[in-house]
Amino acid sequence: MAPVKAFLGWPLVRQVMGADRLGRGHAAMSERSRGLAPRTTDADEVVDSICPYCAVGCAQKVFVKDGAVTQIEGSPASPISRGRLCPKGSASKQLVTSPTRVTKVRYRRPFGTDWEDLELDTAIDMIADRVIKTRKQFWEWEADGKRTRRTLGIASLGGATLDNEENYLMKKLYTAMGAIQIENQARI
Amino acid sequence: MPGLGTSFGRGGATTNLMDLQNSDCIVIQGSNMAEAHPVGFQWVVEATRRGATVIHVDPRFTRTSALADVHVPIRAGSDIAFLGALVNHVLSNDLDFREYVVAYTNAAAIIGEEFRDTEDLAGLFSGYDAESGSYDPESWQYVNAPQAPAAGQRDPAQPGGPHEERHRAARSETAGSGGPAVSAKPERDETLQHPRCVFQILKRHFARYTPEMVEQVCGVAPEQFAKVADALTSNSGRERTSAFCYAVGWTHHSVGVQKIRTASILQTLLGNIGRPGGGIMALRGHASIQGSTDIPTLFNILPGYLPMPHAHEHENLDDYVAGDAGSTGFWGNMRDYAVSLLKSYWGDAATADNDFCFDYLPRLTGNHGTYETVKGQIEGRCKGYFVVGENPTVGSGNGKMQRLGMANLDWLVVRDMQLIESATFWKDGPEIETGELATAEIGTEVFFLPAASHVEKAGSFTQTQRMLQWRDKAVEPPGDCQSELDFYHELGVRIRRKLAGSADEMDRPLLDLVWDYPRDEHGDVDGQAVLREINGTGPDGAALSSYTELKSDGSTACGCWIYCGVYADEVNQARRRKPHWEQDQVAAEWGWVWPANRRILYNRASAAPDGTPWSERKKYVWWDPEAGSWTGADVPDFIADRPPDHVPEDGATGPDALGGQDPFIMQTDGKAWLYVPVGLADGPMPTHYEPAESPVPNPLYPGQQGNPAIENIKTASNPMNPSLSEVFPFVFTSYRLTEHHTAGGMSRTLPYLSELQPEPFCEVSPGLARERGLEHLGWATIVTARTAIEARVLVTDRLRSLRLGDRTIEQVGLPYHWGPNGIVRGDAPNDLVGLALDPNVHIQDKVGTCDIRPGRRPRGPALTAYVADYRRRAGVVDPEEDS
Amino acid sequence: MGSLWGRLDDVQTDAGYGSPDEHPPRMGFFTDTSVCIGCKACEVACKEWNEVPDDGYLLTGMSYDNTQELGASTWRHVAFVEKPLDVPVEAPPADLGMPSMGPPDPQGAESGGEGGVRWLMSSDVCKHCTHAACLDVCPTGSLFRTEYGTVVVQPDICNGCGYCVPACPYGVIDLREGDGRAFKCTLCYDRLKEGQTPACAQACPTESIQYGELSELRERADRRLTELHDQGVDVARLYGRDPDDGVGGDGAFFLLLDEPEVYGLPPDPIVTTRDLGSLWRHVGAAAATVAGLGVASFASRRLVPRLLGTALGGRR
Amino acid sequence: MKEQRLVPEPEFESYYGRPILKEPTWKTPDVPLYLFLGGLAGCSAVLAEGAALTDRPDLERVARLAAAGGAAAGTVALIHDLGRPERFLKMLRVFKPTSPLSVGSFILAPFSALSGAAAAAQVTGLLPRLGRVAGSGAALLGPPLATYTAALLANTAVPAWHEAHRELPFVFGGSGAQAAGGLAMLLAPIDQTAPARRMALAGAVVELAAAETILRRHGLVAEPYRTGRPGRLIRLARNCTAVASGITALAGRRSRLLSAVAGATYVAGSLTTRFGIFEAGLASARDPKYTVVPQRERLARQGGGSAKIDG
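Chains as they are written, first to last, in this note's numbering: chain A, 1 to 188; chain B, 189 to 1071; chain C, 1072 to 1387; chain D, 1388 to 1698.
Rather than coming from a laboratory, the hints here were simulated on the basis of the structure. Do not take every clue at face value.
No farther apart than 27 Å at their CA atoms in a straight line, the calculated lysine-lysine pairs in the BS3-like style are these [unchecked claim]:
1. Lys391/B with Lys373/B
2. Lys61/A with Lys766/B
3. Lys902/B with Lys146/A
4. Lys391/B with Lys415/B
Chain A with its partners taken away, still in its complex shape (with noise of 0.2 Å):
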């Protein structure tokens, strides 16, 4: 019977038989678009989120399916920002999925003339002791014969698309190794 169910699903037949005489609608109406539906529909999980760009913390939603985000828009909830973003904003999920995204560490040695790769493990633990030679180089216990329990040979300038959590534990971690040109986006 296949034919038959084949002749009877050609949009012609429908058209000639149905009310959609011009073949304008209902009769034009493919199989895809019969069964179509958002693709966020089907995502395993729908995550609270604020929009990473200006601050005016525009709620978002993110969608995720498979372990990787589908759809990010606003979150209408909000008494803010009432679901809508601007470009930036909307164009979060290239952001997060940008093809361009760097993920893998990358080293570039004294002198060097191009990037090398280097383990993330590796590069943390020399971090570390660079950390502790050069505080330790330009460790100053007083200046001018007063107390200051520092050294200025570390700096650190943050973004503010940081997390509270984040800013406060690199203060935290910071003031206790006694580097003080802590900085941010805040003064520029």
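Following the hints, put chains B, C and D in place on chain A, whose structure we already have.
Quick look at chains B, C and D alone, frame taken from chain A:
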């Protein structure tokens, strides 16, 4: 922001975006809100739908101007003259909200006889030391102020010395939450007639800020000025309120703090602070700028705006607290906040016996801000550098200086999502092209660590209206990508492991540090546990609900006292997501706002002194005599049960010293400060000074061209254009576009945003185009003493030639988003910026002078020669020889 | 038979979706350009949702419009119109190459007057016409009328014949290079099926783009127009709202602050199918003429001129 | 002084001078060639059937091959023009009386089959009766095939095409007849091509008259037919047609060579006409003037200078 902090007691925006819909008039100045905060701008549009008047004062006609009722083109950097004239208009026509002003401000306070105004000293206040280029604020005090030391003044060892100067300056930011200290309530004249009362001083100070002066300084016609003045004054008072919105158009100036101060004075005189539809909306530019000052990664403050201690021969916790906390108001409890912070840092190691490890804190000796630090890098004094989610070679002022600093490090760690210019400067920076740097000669070891995106980690941002909003984690970060939380935690773990067993005293703070955090179900450091530490815990280990529960005896720990309450009842309050349609307009159950979830600050002022609403239309928080408490739509920003007629006992301290009519509870006297006797480095009242680089003389104070207390960064790569130079006759101003984000790392890398603004351009008026032969879509070279860049030209009527008296000023507009990397590329406009800093906050001018010529810039070494020739012709002084 | 032009109160019934109670209401957009801030969130939100590729990186010099026009890879397009408010007085005539809104006109290119400037922004989109020429000329039925009354390309059907492209009186639809098929706004057909708002309207910060039932949107637009006229904004006018216009009214219509052509919109578009009857009649007559010529060519020498005379005469 | 200008440039506003309409994406030479081949094939089928009926075997043979070849080549051109050629069968998915391309597909498909069958029968000599039936069918479909292509162009928003919707079918029909006759004059022996000459000449007259009407009737909208490259093409086509007609009238019956020359010129003229008309349409879509000015004028005629100020 000390402009707001010194005026009202807290540095945060006094209001919130949603409340703008209740405004009758909104003045947007120093902000291009529709472009930089499009979603926030919906509330301005709501206000216009309700009939509000919107005024945009800005050098350029922007997308904000397009929707405003009035656009006032103004010369970049002349805002104080404009706002000062509005203050003068209000004062000289008795248009202030007198009942509010008398009750809630320091207008009645009487200033000491030693004080001299700029009007008396040709542009300087009393106390100026020309040698150090700084002020001693001693003479600015209230009359008969007891001799207890005011902030920044406690170290007599080196009066006027460089340390002293910086010391004082660095204190300004501590007004983020808690006004600067004056030791007692001032003498007052409630009739405001005393010649030395603040009201009269203010009147005299601004008397010469007339509409005619505005025309001469700002290029604004008197009719335009009158339009703004009328709209603002007719929409302020009992029945109506007006709001101000500002952003980096004000903060990015060498007089940035005083710009905000002028607006604060104006809004206070008009009675617009603490009331619905009123206030000053500080529009921050990044997701958590507010958060990164509340819990700072800033050199001069600790969490909650506690000051970093300065170097002294002997100092203990008591001295530290005594020097910075006033005895009255809520800042009077600073010891509780400081001890609780030390407990959260060093836990059991911090005991009353060891001063709660106060000595573990490193000390400041001056300005250790980012630009001073970069100078230190160039001079070889700073060799290790973490750049975290930031792109200073494009985003900071004077990119060359940034790159020269980076090229002189031992090691550099860059954490980002894309290979930004700050990570690749050694390979393809502009100095490689000119030959000033050579890759093979740069010894900096560079680690690029890929960062997790905002959906790949959980955490909170504090947005522009002081609201903390929690983000859940959606997906795992790809590859080596990692959150800052995980990276810094791991770094700390390894450093501590490597130092374990060290007996060296210098390692004690690291080894005693509380650094064990639980991990969540993803194996990440649990951000909620960190937030809970920030919130603070009581003696029983349970999360605290309010900073009023903090103790100085070591029984409480709190990582940031102003965030105390964000984890109240062991619930992450920042994660609350009750839809707005299930709440009233204040929407108190969405996120969490510091302090104590108060949405409009100083809202006690929304009621008259007797506690009743000023008007039915502007009802917000009021005294309920039957309940014996303050009530209303918001959490009262006041002591809940303190009646309006309460008069504190003499000698009361801390919050007990606050009367029933003292709405500004973080100020030592409970009042909004029209005049700031202490806490600012460049004067108790705002004064118009020209930007560090200006093509015009200062007509208000002919002898005083620029801010006398300005901070210069003296290094060879930071030469400044001489003011009034014929060689640099135009004004440039840099700014953002909607389609991009700051230094571009998060936008130039995305096709959908790059295609919308695909190339660097400059905007010029038809007049300037004619004068210099610039063609629409052609190339132009823009030159300052620092360097020259090229950009395509947009000739547009949106930029106007401004008439200042008999001369015309042309401005060059420069969106600053591009750099050499990314999908769409070009020269970075911030390379043009010279560094001259606001002495309060060490932030640079976003305006300067320049030349502009048709055609592309020279390539390679010819570029440095080209700029050197400009410097020679302009007579630019080598900064290092200029002492 | 469906109608070819003029007022049509139920496009879905016309397209075979049964009586009005058998299909959802007609949905559409009302774009109120008086509150558009030109942020282009609509453009990006549309692309993110519909996975539309980028459309090239070109600085056009057309104010802040670097998107240029609607097309296969741009389904929302924000136009930027800069107009000086008054005529310059003393500006010397020099051509700065500034873009002008009209045809080449030295006066238009010259400006710098003291009267300031007007900057209009407008987010353009497919109009989802009541009488959609693109749909009607589509030979495959790829373009079709949905149950919501919107006009949508079915990418699984389109064979890239390109007929829709010149048929559209607004210049909306286009073929995508490299792909070959036609693309345009779907009014987020997939989202509509779940009762969601189209991506652009959802993102729009100032509610310049409003989505809803067309009948309701028309009422809302009328109220807004009255409001603006009451505020003295006399230049405000609705575009595409009139169900009696040349396309039977647009499913996506606009409130404009200037003449439509200033925004790149046709001032009085008429759907091509208005003339379809006449066209087929003339094709028939011409075919008959050809047939007649054929017969006559074989029949006799004289018949040809006689037939010619009839054909040419009859046509007049 | 304005009156002294020959063609005053109309004043109108636009968005940076950009077109309002999209320029048709139809490719050159695919589509103009198809227009030509459709006309040629359709009219050749008529010619072939006439030749068969009047027993002109050589003429029949040439015309049958022209019909089949034209249809086949036209189909190839049409499919080649598709963005997704592999989906050409989707054309038969629905029947859209509102779409000339749909209608045309339902003409072209059987026409190709019938003319192909007829030609095959002719060439192979197999199934002659069926070949004749097929040829008759093709002849019936021929005139619509030759003229529907005008509807294809005219049923668009392209001003130069749409506004000429009453004349274009005659231009195309005439042009097709001219091409079919011309090709037969070129390829068939002179003693059998009298009907072809008559057909070509008559087609030429119809085409020229209809084209002239477009120019006279449609003012500004017809401007692209006069100016620029399309204008030059159309003038060239007209000259070809006129020259060919002249030769045909004077020497068509006498000289095989001149007849062949005239035939070739007819074909060239027809081909050039299609390119000219096609390109005129593109030009009129490119310039917003042709969209805005006529619409503005229409609005002005309706009273009220401004467009659609509702409410």
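- Item | Violated constraints from the hint list, given by number and in increasing order | none
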